[in-house]
Amino acid sequence: MIETPEPDLRQQAQRAGSLTMTGSVATRVLGVVAIAAVGVMALLALWISPADAVQGDSVRLMYIHVPSIWVAYGGFVLTAFASARVLWRTRSGAGGTYGVIADRHARRWDRVAGAAAELGVLFTALTLVTGSLWGRVTWGTYWQWDARLTTTVLLFVTYLGYLALRRLPAESRARARRSAVMALIAVVNLPIVHYSVDWWRTLHQEASLNLEPGGDRNITGEMYWTLLYSWATFTVVALWIGIHRYRVLRLEELAEEASLEELLAQRRDEQAAGR
Amino acid sequence: MWREIWLVCRKDLIIEWRARVTLIQIVPTVLLVLVVFAFALDANPSLLGAGAGGLFWVAVLFGAVLGAKRSFDIEAEGGNLDGLRLGGLVPAAILWGKAAALALQMVLVGVFAAAGLLVLYSVTVHDWLLIVVAGLCGMAAFAICGTLYGAMTVGLRSADTLLPLLLIPVAAPVLLAGTRAFDVALGTSADQGWSWTALLAVVLVTYIAVGWAAAGPLLEDA
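Chain order of the listed sequences is P and B.
So for the first sequence, numbering that gives the first Met the number 0 puts the first residue at 0; every next one is plus one.
So for the second sequence, numbering that gives the first Met the number 0 puts the first residue at 0; every next one is plus one.
Note that these hints are calculated values from the structure, not bench results.
The beta-carbon is built from N, C-alpha and C at its ideal position, and this holds for glycine as well.
Some hints could be false.
Said to hold, decoys possible - Quick look at which bits of chain B chain P covers, simulated, 3 or more residues with Cβ under 8 Å:
#, stretch
1, 91-100
2, 140-151
3, 202-214
Whole structure, please, built from the sequences with the hints as guidance.
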C-alpha cells in the first residue's frame, strides 16, 4: 500500500473557513440546533418532568448525569476505534515512514481519537460532579467509596493519562501510535465501570435505562422521555464540540508545520493589504 | 520467535542476577509498603487482617511500577533497544521476552509480599490453590501491562512521573479482581473466589492480545 501525503493542510483549512476559525456553515447550524435543544431540555427537566416520590427534585440531576456518562462512553469507544484505525494505517509493511505520519487517513483518525478522548474526559468530569451533588442530597455526602464511583474515577484518571501522553513532545507518528496503544488498553476499563453496579454490592442505583429487549425500565412516563431527550441533546452537543475540537487539532498541526518565516510573511501581507 | 523471546528474557534475568535490583530494592520497598500500611491503620490486627488481600495487591502494584521502569531503563541507556532490533530481533520477541522476565521477577516479589502478609498481618490462608492461581494470573497481567507502558514511555523526559499515572489506573481491574480472590482465599469474604480469578484470566488474555498487536507500533518508534 502506498501512503498518500496529506494534500495541503493550509488549503484544507482555508476551504473550511479560515486559518484561525473552526466554524463552518454546517457547524453553525449544528450549534444553533444544540443550543435550542439544551433550552428545550431545561424546560423538560426543570418544569415538565415531575419530582421523584423518593428523591424529590434531586432526580433532575439525572437528566445531566446519565446522558453525560453515555456520551463519555461513546467518546472513549470512538477513541479506541480511531486508535485501531491509526495502528492499521501505520502498521509495518503499509509503507510507513519514520518521523511523521505521511498517511492522511491515519492523521485524521489520530485527530478523531484525540478529540473524542477530550470529550470523554469532559463528560466524565461532568458525570462525577453531578453524581457528587446528587450524593450530597441523597446519601448526605459528596463522596462514597462505592464501586461505580471508584471505577469511574479510575476511568477518568486513565484518560487524563492518555491526554498527558498525547501532549508529550514527540514525532507525530510515534506519538500517534503510542497513544493508540494506550487507548486500546484503556478501553478495557469501560465494561468494568458499566457493570460494576451488577458485580459488586454498591450504593449506586442500577441502570436507569435498560436498552435490552424486554428489559425492565426503572423509570417511566415523562421522566423516561425526558431522559431519552436529554441523551439525544447531549449527543448533539458533544458532536458539535467534537467537530470544533477536531478542527482545532488540525489547526494546531498546521501551526506546528508552518515555518515561522511563512507565518511572518503572511502577517506582513495582511498588514500591507490593510486588513 | 520462541528462541528470540527466550534470549531476551535470559538477557534481562542475567542483568537482574548481576545487579539484584529486584531483590535488594523492589522487594524491600514492597515490604516497606506493607509495614507503612500497618502504621497508617494504627497497627489494628483485625483491620489489617480484613484488608490484607487489598494491601497485598496495592504493594505489589507499586513493585510492578518500579519493575517496569527498571526493565526499560536498562534499554534506554546507550540505545540498547536499537541494538536489539539491529541484531535482528523482531519487536514482539523483545516485548514478550522482557514481559516474561518481568513476570518472573514479579512472582518473586509476590512470594515475598505473601510471606510479609503471613508474618506481619498474621493472616490464615484457607485456599492455597486460589492464592497461587490468582497470584500467578495477577503477576503476569502486571508484567505485561507494565512492559507495554514501559515501552510506551521509554526515552521520554517525563517517564518517571508519567509511568505511575498511566499504569496504576489501567492495572485497576487486576487490583480489584485480585483483591476479591485473595479476600476469599484468606477467609475474609464469602464471595466467588474462582469467578474473580476467571476475571483476572480474562484481563490477562486481553493484555496478551493487546500486547501482540502493540509490540510493533511501540518498539518500532521507541
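Each hint, compared with the structure:
1. 91-100: violated (count 0)
2. 140-151: Answer holds; 4 residues pass the 8 Å Cβ test.
3. 202-214: It holds, with 6 qualifying residues against the three required.
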